[in-house]
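Protein chains: 2
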Amino acid sequence: MKKLLISTVAILATLPVFSQQALWGGTEIVSPEINPDNSVTFRLFAPNAQAVQVTGDFLPTQTVEVPNFGEVDVPGVADLVKDEKGVWSFTTPAPLAPELYMYSFVVDGLRMMDPSNVYMNRDVATVTNIFLIDEPGSRAHLYKVNDVPHGTVSRVWYDSPGLNLKRRMTIYTPPGYEDSNDSYPVFYLLHGAGGDEEAWIALGRTAQILDNLIAEGKAEPMIVVMTNGNPSQEAAPGETSEGFKRPGMDVSRMNRGEFETSFPDVVNYVDKHYRTKADKAHRAIAGLSMGGFHSLHTSKFYPDLFDYVGLFSAAIFPFDGRGEAPVYQDFEGKLKTQFEKNPKLYYIAIGDKDFLYNDNVKFRQILDANGYPYEYFESPDGHIWKNWRIYLTEFAPKLFKQ
Amino acid sequence: MKKLLISTVAILATLPVFSQQALWGGTEIVSPEINPDNSVTFRLFAPNAQAVQVTGDFLPTQTVEVPNFGEVDVPGVADLVKDEKGVWSFTTPAPLAPELYMYSFVVDGLRMMDPSNVYMNRDVATVTNIFLIDEPGSRAHLYKVNDVPHGTVSRVWYDSPGLNLKRRMTIYTPPGYEDSNDSYPVFYLLHGAGGDEEAWIALGRTAQILDNLIAEGKAEPMIVVMTNGNPSQEAAPGETSEGFKRPGMDVSRMNRGEFETSFPDVVNYVDKHYRTKADKAHRAIAGLSMGGFHSLHTSKFYPDLFDYVGLFSAAIFPFDGRGEAPVYQDFEGKLKTQFEKNPKLYYIAIGDKDFLYNDNVKFRQILDANGYPYEYFESPDGHIWKNWRIYLTEFAPKLFKQ
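These protein sequence lines are chains C and A, in that order. Each residue of the first sequence is one higher than the one before, starting from -14 at the first, in this note's numbering. Each residue of the second sequence is one higher than the one before, starting from -14 at the first, in this note's numbering.
One chain only, chain C, in its complex shape (with noise of 0.2 Å):
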């Protein structure tokens, strides 16, 4: 085995400048190291550094002051301590409960990845290190890795002709698909603004929870279709003849309200390269926040489509009445249709702190005005992919059962 331990060696060797900071004293650094407790440790070998510190989102908020927009609950920080050999650590001083956490170091003034991590997720332009802590039976449970038969997680390009361009679109299909002749039913998965279509599956931990619902017999079987939402984009970053583009907004022929009209274009798709029950008792749609804008109007431009409709952290009225795609006109006339065709499920679910939640208090106050029937769940914290992994673990199971 020496030459192919060497083969490692040269590669690594390579990159010392790259590799010296995971050294200290021939011990790699571990961090962040999950204690037997769940307390966890995060450790820096950064002996030149003048302060180090930890924010995330397992540290309790502080409310800060936003300029323009009011107070808002930020991660907390919290020092770590420099010991004789040049490493920083911080335990948490009390166990952290079962979620998906996301961190990053700040030396002397200046953020930075964890060094020791290489799990990330990027959320917009903003990338993170992750770590999870697990309990079994927890909610955070679901969104770990477990020794479950795994479905297929696919990027697929298909053709959009009410968008006149060729889109990108993540598809999970369950365990069992490739070895069965079964249909499926089609669960249609929305992501917000500066979202595309790789956040559902990176922040949303779709696969896995997917994964653990099905094989605890919690969820059906299904195909989850994840588009991207941005109408002018083909793509997430990265994924286009732009290159390596910084990310970001991008709302341009938003208020079109193309991509609502033409999603028929997607399921289309689905219908044809995949074993779907192609009928509306087997298809859900639901989105977080502009997601769940999509979420709304398309469900009701086309009410025989979906049986099953989840508004997840919702903007519900984000035109204001300057939307004048047909998509946005006669939005009670459209409900109405929409509810007299009976939907199996209307589900809306939101944090008690979202800055959208009094929008979704009025949209309630139409349901409930008009005897429309819905499920409602409310979280606590605010418009968070903590929250919107929560309600996909309460959506899901909740889909075409009979």
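What the hints contain is simulated information worked out from the structure, not anything from laboratory work. Check before you lean on any hint, since a few could be wrong.
Which copy is meant is left open, so a pair is good if it fits within one copy or across any two.
To be verified - Using 35 Å as the maximum straight-line C-alpha spacing, the simulated DSBU-like pairs for lysine-lysine come out as follows:
1) LYS230 - LYS265
2) LYS230 - LYS371
3) LYS386 - LYS257
4) LYS203 - LYS230
5) LYS70 - LYS262
6) LYS151 - LYS262
7) LYS257 - LYS203
8) LYS262 - LYS329
9) LYS371 - LYS151
10) LYS230 - LYS383
11) LYS230 - LYS67
12) LYS257 - LYS151
13) LYS151 - LYS386
On the provided structure of chain C, position chain A as indicated by the hints.
Coordinates of chain A only, in the frame set by chain C:
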């Protein structure tokens, strides 16, 4: 649109510590900036830093002594200069040749990612930022996502009775696969020690290279199957029930030859689940370093399986007679049988500074002495991904031509 915009502000506002480094006098830092002449400017907002450097493979290499190993060439280092606003910058003194480059910042001795660049690659346990210098007609243009038809990339789990594991692989199907009934040839593409089933698709830019070569009519449409070559592993780090474990080398079970002898598990799965041309004339196998070793031994152990064999910077004789599994026995006898069956292409590629260069010379001497035909391609540089991408662009166009 007001509230959609607010929605993103809210997301970003929850992370002021995370995003403030990207802001500078109201303007976002752009880094790296590829200038019109293909020089590149790197920038970092770090008002408190004492010294900021950039290191990467775009800088002239420097030779260093690695203990117990010898001299190796490593990426050079350049100093950034601070302006009055706290923004450090460095511009390459000359245009860069078209290539996919990697780099990191070093701030007061601490390596860190560029917070303005979300594009990164992981090589074993080391993450670096990347950027691409493009020029139409250049080889690097093949590494870019261009406005051409794109294949599908899937992560698929298969059963390997030979390894007694459920395992993950990455499969590229060419543009048009979903909309035809055609059968396709299959190219099995293997990574090196420390890599996994993500290595070729991420570091090797396989999907981009195949999309572009096929669009240019230079390569036949083909399926590319990228397996995990570590026989003890189910899947890449983070994709198994071991959780977010630190990536590393795991060559346990390697010398039993199980990976090579169980390779028909992969071929059988692919032939059963994809529309393949399931014969020797339409199968290729190639790999880098350890994957070259696997390609060498698998192709001679199963001499009727592959008509095309590629050894990229291959580890040829790593066992020094210590590999006791049948697949490694009777090296020259098996090679004789393989060449008596006239493979259409036996291809060897290596860099002139590769630490495995001399082993490859010895292996070619055996081939020459026996009159076994092969193609040989020698490039500058050593045991690096730049070379493996080059070899893929050279090898793929030679496959499956009649």
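Evaluated hints:
With identical chains, the CA atoms of LYS230 and LYS265 are never at most 35 Å apart, being 39 Å at best within one copy and 42 Å at best between copies. Taking the shortest Cα distances, LYS230 and LYS371 sit within 35 Å of each other both inside one copy (27 Å) and across copies (22 Å). With identical chains, the CA atoms of LYS386 and LYS257 are at most 35 Å apart both within one copy (24 Å) and between copies (32 Å). Taking the shortest Cα distances, LYS203 and LYS230 sit within 35 Å of each other only across copies (28 Å), while inside one copy they are farther apart (40 Å).
In this assembly of identical chains, LYS70 and LYS262 lie within 35 Å of each other by CA distance neither inside one copy nor across copies; the values are 62 Å within and 60 Å between. In this homomeric assembly, LYS151 and LYS262 come within 35 Å of each other (Cα to Cα) both inside a single copy, at 25 Å, and across copies, at 28 Å. Taking the shortest Cα distances, LYS257 and LYS203 sit within 35 Å of each other both inside one copy (28 Å) and across copies (30 Å). Taking the shortest Cα distances, LYS262 and LYS329 sit within 35 Å of each other inside one copy (16 Å), while across copies they are farther apart (46 Å).
In this assembly of identical chains, LYS371 and LYS151 lie within 35 Å of each other by CA distance both inside one copy and across copies; the values are 32 Å within and 30 Å between. Taking identical chains as interchangeable, the C-alpha atoms of LYS230 and LYS383 lie at most 35 Å apart only when they sit on different chains, with a minimum of 33 Å there against 39 Å within one chain. In this homomeric assembly, LYS230 and LYS67 come within 35 Å of each other (Cα to Cα) only across copies, at 25 Å, whereas the closest approach inside a single copy is 38 Å. Taking CA atoms no more than 35 Å apart as the test, LYS257 paired with LYS151 passes in both settings, with 16 Å inside one copy and 30 Å between copies.
Proximity of LYS151 and LYS386 under a CA criterion of 35 Å is satisfied in both settings, with 34 Å inside one chain copy and 29 Å between copies.
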